[in-house]
Amino acid sequence: MSILKGKPDDDIKIGVYVCHCGHNIASTVDVEEVARRAKELGEVSVARDYVYMCSSKGQNLIRQDIMQLGINRVVVAACSPRLYEQTFQNVLRESGLNPYLLQVANIREQCAWLHEPGPLATEKANRLVKGAIKRVIHHSPIEEQSVPVFPATLVIGGGIAGIQAALEIANSQQIVYLVEREPSIGGHMAQFDKTFPTLDCSACILTPKMNEVARNPYIRLMTYSEVVEVSGYVGNFNVKVRRKARYIDEDKCVGCGICVEKCPWSTESEFDADLGVRKAVYTPFPQAIPNIPVIDKERCVYFLKGKCRACEKFCEAKAINFQQEDLFIELHVGAIIVATGYDVFDPTPISQYGYGRLPNVFTSLEFERLCSPSGPTGGQLKLADGREPKSLAVIHCVGSRDQNYNAYCSRVCCMHSLKYSHLFKEKTGGEVYQIYIDMRCTGKGYEEFYERVQGEHVRFIRGKLATITADSPDSETGEKLSLSCEDTLLGGLVNIPVDMAVLCVALEPRHDAEQVAQILRLGRSRDGFFMERHPKLDPVATMSEGIFIVGCCQGPKDIPDTVAQASAAAARALAMIVRGKMETGAITAAIDETLCSACKVCNALCPYGAIFFDEVSNVSRVNRILCKGCNVCGAACPSGAISTRNFSESQILAEIEGVLV
Amino acid sequence: MAKLKLALYWAASCGGCEIAQLLIGDRILKLAEAADIVFWPVAIDAKYKDVEAMEDNSIDVCLFNGAIRNSEQEHMARMLRAKSKVMIAYGACACRGGIPGLGNLHNRQQIFDTVYRDTASTEKNGNIFPQPSYKAPEGELEIPVFYDTVSTLNQVVDVEYYIPGCPPEEKTTWLALEALIQGKLPPRGTVISHNVKAVCDDCSRKRDIKKIKKIHRTYEFIPEPEICLLEQGLLCVGVATRGGCGALCPQVSMPCTGCYGPVEGVIDQGAHFLSAVASVIDSKDEEEIRTILSDVRDPVGTCYRYSLPDSLVRRASIK
Ligand SMILES: Cc1cc2nc3c(=O)[nH]c(=O)nc-3n(C[C@H](O)[C@H](O)[C@H](O)COP(=O)(O)OP(=O)(O)OC[C@H]3O[C@@H](n4cnc5c(N)ncnc54)[C@H](O)[C@@H]3O)c2cc1C
Ligand code: SF4
Ligand code: SF4
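Chains as they are written, first to last, in this note's numbering: chain H, 1 to 661; chain A, 1001 to 1319.
Any given hint might turn out to be false.
Under the rule of at most 25 Å between Cα atoms (straight-line distance), these lysine-lysine pairs were calculated in the DSS-like manner [to be verified]:
#1 1085/A / 1030/A
#2 1211/A / 628/H
#3 628/H / 1184/A
So the derived label-pair ranges between C-beta atoms look like this [claimed, not checked]:
#4 1282/A / 267/H: 39 to 47 Å
#5 1036/A / 123/H: 55 to 63 Å
#6 123/H / 1105/A: 28 to 36 Å
#7 318/H / 1283/A: 54 to 62 Å
Simulated from the structure, these hints should not be mistaken for laboratory data. Values in this document were obtained by computation on a predicted structure and should not be read as measured data. Each residue gets a CB set at the ideal place from its N, CA and C atoms; glycine is no exception.
Just chain A, with the same shape it has in the complex:
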């Protein structure tokens, strides 16, 4: 059998996905047996122009991590799409927008103002912002255009598969790679993970009827070790998050933050979580309900930590 041609790329991401890919350890040898890596900026010395020169559909699979937040990333996504038979969104940012997606609460100017002007560590020497093009004496220089809105990979190009997680667990990565190596890919559109149900299904804590009278933050107390965190007032997003990770966070008393994205078929993970929490607030008194909910310090960051660009509203009003 001919060896697979594999490309890996990163866009708006933190680099954690690369580390996660390496976490497969010595199984990377198995991968190397089955596949040639033709492009992987973080690890191998293939150049942009090498890829550009390839025929369309000459790469078998591209693992693309990171969201799309500037013109270069969009360009790379489109190019790799054209060159690849199968496009896989790897990790929360490519799948749902991820942490960079929270940038959709602001627009470009607001982000620039903060980063290049308002932060304490910025020198106050006027309003110097990045310009997409600059005429230097040596000629015109260009940097990518920064967008107002962060997009998921599939909002820019067609995507065949999704590997969830921030970053994906090593076993999730291997599940996908193994399927690739064996040529046993699931139906198009599949989110590859060990579970289609929510994290609760992986979680060994005891669950009962939920009635929340007070919402807590993790530093406030040490939760009971065997009882559902949500029942103890910690906003564990596990109820609204696809499992497959093994419920690692709740097992060590940290509420799930939702990185594996919504459960199979769910449109808008954050809305589902919000609606679930609102349904179990234990009060009929409007004022009391308001008080209880006012303890949610960062509602968007809690409900949509990894999925704002993938939500029905996608972003805050741009003005």
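Just chain H, same shape as in the assembly:
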């Protein structure tokens, strides 16, 4: 006796199509027998087998039966629905049947490929097909839906990833809002001297792009700004942006820089990784875009003590405005691209490396600034006492591939380590030791760069660094660092004396990644970076429809990969915007309001925020556009009021019964 009460009562005519998949299925399962057995079931009007159901001839068989025999439910017994379900759905659609009146029985991956040929394999296929037949009886048409897409895109973060994405979209004459937290766009790339493997000067390739951003009429640039709230859904996001007070009127400022020159107060420069100084009113670096300074309220003596206003006296444009307040702006966009990048690992906790204690131990980012002609030393490598270093140790994997900190590989450190060896040789001609665990040089031209640096008499030591200590000052060379390290190739401990050490620190998720994830309803993977929809097949999309992730906020990567991702996400956003609408999934949950008791069990469960409580009707409801059909809510509803389309309880139970009984 079936536990299911009632059946859909229209005149059901099922067509069953059993595929041989060449020999893939037919060599294990007696496909003709499967078709014969299916035919014996009452509801089945026609059952056929064919060598390749997915071929156009195979598809035609189905099409003809729908048109000529009035078949109104289709079962295809073939490979995994992941492969051809859409193809067969299209056959139904083209033949005038709703595509969801199809059920695929997977008799390849779930049967033929698992079992020895013979009657048992055939019996299993029979049962899978019977399950599908019993299930498809309970299928009903599902309406597909689309949403309008508002023609504007928000890009969050103005590093190379955000810049690239914004330019791609703007170059198609579509509006982009680019929101950057710092006073200037540019991100980490602006801090580098040269970039591996080509040793292009970073500023030379970045600055033109930054200028393009400033010039492009389709880009609305908002620096010194942050996204504080996002509501709505794909196609129609409402975004609230906080524009922090610059205390300088952006419309009046001409970028002459006199305020910066006249400001009597200095502090550490974040852009120079705290190695250099900047004023209380500042632009982070000379090529900043926009070229409009900000007054740092925390450092400005007028804000701290109520006296000074030197900048105001000298500003001819009358742009200084101490009364300015934070401004909140509402934006309406159809798509969002997140490009918030990474933070670098702080190596202080690894106390045996002496960072913060030993003045000549630097991080990679600090070393970038020391090499840069616009950096604190004008590009000259200098020790704490001002001398030029004669030897350097470059230490890989600091905070990466380390179970205590980050298990993952940061992917760019091997390459920038090689870059440092090269730059050091070029600048000083001194001795370089590179202490590595493995060399990972996998990009285009990367292995060649490695070979080139090997030819520059750099000493490569394979092993993990144990400690860095300061030796007593050498009478000739001054203070030296002493590195103690295992050399796994020689098989023993080695001690290396050097003047300077660079710790190549890990790339980590931004410290505020969780906050951003919550605002945008993004998932995070185990390593803390934002989670993509599919690690291989959909790396820039997220589980939040219409929101994309690019660059290092998705995971550590180099500039070429970052730029490629940014272009990919731009294409995805453009595809939505140019069409002006977007199909969202048809398989969504629905709440039967005649059964919802307003218990609110489901209200906090939806991972996509698709469920809301309608106070007026006193029932919970699903926003179909946000719903991804995961059925978390359906499993929870104690009243059985929630059912996910095409996965109703009756469909699932009928399938189980079909297989078992």
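Take the given structure of chain H and dock chain A with the ligands to it, following the hints.
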């Protein structure tokens, strides 16, 4: 109009359903106006053989309470079915198996061992168990065969209507009787009750998002009077139970135990309740979740108090 012929019977039940039927009070006179009661062992002196002698379909309606747990009950159910035009499962035991249905956690032998041998009050004079037949000097004696498995009424015979409750509330009983008297019966298969939605719909407590960090038992504290009991950590089965009772228990701070059965259309009340509770446990840590759930002292008795025979698994493995 000819008077209706009505039969009432009890099978595996406690007798509460009979009391509940009498709770309609003086409206019983209205019933008597419209119907002749032809069989009601608890109240009138009609005999088995009188019913046996009746023609098939000569009784208009049979209100049958109690589950089926032995051969006599099954026999009576089949006979009354044959004699009656309309069969109504009255009360939780007939509808879903009820409290006797929890016997499906054990088999016949285990139940006999407990009842006839292991309880403290049983005299320890060997293993004396009831035998279905016994040859006495006067002739062969028979008692009904006790089954391993308790069944709902509709697992044994076809049933037209269901009146839920342990026992059904007086207003629920009257709703059904009134429909009978007026000849306005709902579609076949209907569970007759004032509400198709869950007890929450009847309940005046304020409900909000549910996040359970600790599961409590009723004796541990006096719950806030206006807030949903489930939110306070009491396992109120009201979320998974058909309303119509008026949410009497939660109104007086006792969590609903689920006697009105599942909400309309739900297959397996206990699984739905369990799944709902599991969904609102406020932790992502497996160990912590285990600790929180370990406070559910009697999971089957909590989730399936009245519906184990009606669940998808029906019973524990028989061995
Ligand atoms: C020491 C070092 C050297 C490197 N050298 C090279 C090299 O030579 N060649 C190479 O190919 N790669 C190199 N890389 C890798 C390179 O830095 C990255 O591939 C690239 O910078 C990634 O760009 P991005 O835009 O994703 O991130 P970022 O450069 O980090 O930019 C992110 C931007 O988003 C902004 N932002 C962050 N959060 C918010 C928010 N909530 N709201 C608004 N704005 C926000 C930030 O201010 C920043 O401007 C190096 C990395 C390191 C650490
Ligand atoms: S869980 Fe079910 S009954 Fe409860 S509020 Fe949600 S939809 Fe309504
Ligand atoms: S099916 Fe999943 S995505 Fe859809 S409303 Fe339910 S919980 Fe949310």
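_Does the beta carbon distance between residue 318/H and residue 1283/A stay inside 54 to 62 Å, or does it fall outside?_
Because 59 Å falls inside the window, the suggested range holds.
*Proposed proximity, residue 1030/A with residue 1085/A (alpha carbon, max 25 Å)*: holds (21 Å)
*Does the Cβ pair residue 1282/A, residue 267/H satisfy 39 to 47 Å?*
holds (45 Å)
_Given pair status - residue 1184/A, residue 628/H, alpha carbons within 25 Å_ = Status violated; Cα separation ~44 Å.
_C-beta pair residue 123/H, residue 1105/A: status relative to the range 28 to 36 Å that was hinted_ = holds (34 Å)
*Just tell me: holds or violated, for the beta carbon distance of residue 1036/A and residue 123/H against 55 to 63 Å?*
Check passed, 57 Å falls within 55 to 63 Å.
*Can the restraint linking residue 1211/A and residue 628/H be considered satisfied, given a maximum Cα separation of 25 Å?*
holds (23 Å)
Taken one by one, the earlier hints fail for this structure only at number 3.
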